[in-house]
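K.L.:
Sequence:
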Amino acid sequence: MHRVVLVPYARSVVLSDLDLHLFGEGTHRRLWQLLGAQALPEGGVRFAVWAPNARSVEVLGDWNEWASGTMLQPQGRSGIWAVVCPAATAGQRYKFGVTSAAQAYVLKADPMARQSECPPSNASVVAGADDYVWHDGEWMDGRSHEPGAPLRIYEAHIGSWRSGVDSYVEFGRQLADHVVALGFTHVELLPVAEHPFGGSWGYQVSGYYAPTARYGSPDELRAMVDILHSRGIGVIIDWVPAHFPKDEWSLARFDGTALYEHADPRQGEHPDWGTYVFNYGRNEVRNFLVANALYWLHEFHIDGLRVDAVASMLYLDYSRPAGGWVPNRNGGRENLDAIAFLRELNTVVAEEAPTAMVIAEESTAWPKVTHPISHGGLGFTHKWNMGWMNDTLGYLEHDSVHRRYHHRELSFGLLYAFAERFVLPLSHDEVVHGKGSLLSKMPGDDWQRFANLRALYAWMWAQPGAPLLFMGAEIAPFTEWNESTGLPWHLLDHAPHRGIRDLLAELNRVVAAWPALFERDHEPTGFQWLDADDAAHSVYAFLRWGFAGGRAVAAVANFTPVPHSGYRIGLPWAGEWQVLLDTDSPNYGGSGFAGYDLDGLRTGTAVVTATTEVSWQGQPASAVIDLSPLAVLWLGAARP
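The sequence shown begins at 5 in the numbering used here and counts up one residue at a time.
For the record, the hints were derived by calculation from the structure and aren't laboratory data.
Hints should not be assumed to be uniformly reliable.
Stated by the list, open to error - Quick list of the computed label-pair ranges, beta carbon to beta carbon:
no., residue 1, residue 2, range
1, Pro371, Gln452, 37 to 45 Å
2, Thr261, Val330, 16 to 24 Å
3, Val184, Glu252, 41 to 49 Å
Quick caveat: nothing in here was measured; it's all calculated off a predicted structure.
Even glycine gets a Cβ: it sits at the ideal position worked out from N, Cα and C.
All chains should be built: construct the whole structure from the sequences, respecting the hints.
P.N.:
Structure, rendered in structure tokens:
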């Protein structure tokens, strides 16, 4: 017997001329309140979607038993279609049925959905009223990204941080405990927007406005952020405006035409990732993305966006062969539309959320990424220093006996360290795809590998720039990251791995106590070489200065397994210098060669004495120290 489905009543709706005008010119800053599914106070749901080239659009969902016939009405010449469904309610699933000009019919998820089904299902879900009660007012009022503000970032992937922790709230609770104990100031989460393929780690987004349902509801994500803020931890998320997947039910060819993407594959397809590239020259597409950034900052109190794959946006010939790309109107390779989009993004964020960070993952030498737009820059607050990462790991991967021949690799980055406001990243990208773990990159036997890793971290924390470390680095796994399994936390039962964790906690504690190590990260006057040229011993020495200039930290690194007794370093004044950190301390699994008292290290009473009897390395005073093998030593003192 044929089943008859009665399609519930729907009524037409007229969106305001102002809303349509703002969207048409690409400046509607609250786009999530215009498009998508809006649960109405009087009951029912208003549905609106942009599909300018569609022949017709209908909405199907749980309230009408997924039956055809509830048609959306065009809103003037805006390309938006809308309807009110009185029978629809929050929590119900829906999709749009889009008929193209060529009469092809496709069921589409809502590009503006604020909630979605859990993958592999892909229907959109009507989000409830925005009535979450926040408890982080003090945090939001006090946050800052100004020069001198501490920034030490722990990067994490929610689904693989710890086995059995599979909800936003529980993840937030456990992560907060862990990050506070380690002393990081911020967490950076791999993308939390909805994505169909878990193996993409979130970098192929299908629902830009929908937090992934894998770990809970949008309000549960808000609660996670609230928990982290309550513990003094900022939250950065990875954001992907560079490209999107080709799944038929998502953004791709949304109304039967290349709507969000370019039609020409030389502009609209990414050859490496098999994805579509956004058309930044279209007002509505720019609006979709800029409003999305504001959505995460306003609706989820996110403290920063790390913009993924910026280099692929800036260059029209990125990863394309000769003849496989379209030059700009001036005949060049710069993507002028993407440049304009990024400047608009950073301008709008600075106006609407001035204390939020926008961090560029930009892997080339594009100039002025973090400079003001008024000075020809792109306007980001920070940029990942990929050159530093490549040079540092490349140097440390050399066998220690060969490092003397590569001495400049490690010091080269200081030539441009202050050209931008840099983050120093040892991210997830360095421990996947056969690259191995950080520990496995280190040469030598097991003792030397752990010693090299400890030295790497102390070198990194002493350098100008904000350190970023991917989860798991604190336990030094032997194998690279696998997103399908939790981290091997059992390794902390073993002293060498536990020593790495304890060292990281101590690095963060010392940095917090000695602002000279971060206050002037972006100023050349905050860094001073003592010796960058001792290639014969693979030793480097430098000073860090804070704002007041009254306290300084000297860092000395020995990147060979040969200890050096009686090694002289220059210092800016005579007197006692506290031993702030020695990575060779037995506290962390080291040999204790230098013999600095362990309790003294922890209380700041272990000292070396500098005198003016011998000036050295351009400094009026000097001290003779013992340098442990494969170790970094920090000394600190206040000006007499």
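K.L.:
Indicate, hint by hint, whether the structure satisfies it.
P.N.:
Checked hints:
{"no.": "1", "hint": "Pro371 with Gln452: 37 to 45 Å", "verdict": "40 Å, holds"}
{"no.": "2", "hint": "Thr261 with Val330: 16 to 24 Å", "verdict": "18 Å, holds"}
{"no.": "3", "hint": "Val184 with Glu252: 41 to 49 Å", "verdict": "44 Å, holds"}
The structure agrees with every numbered hint stated previously.
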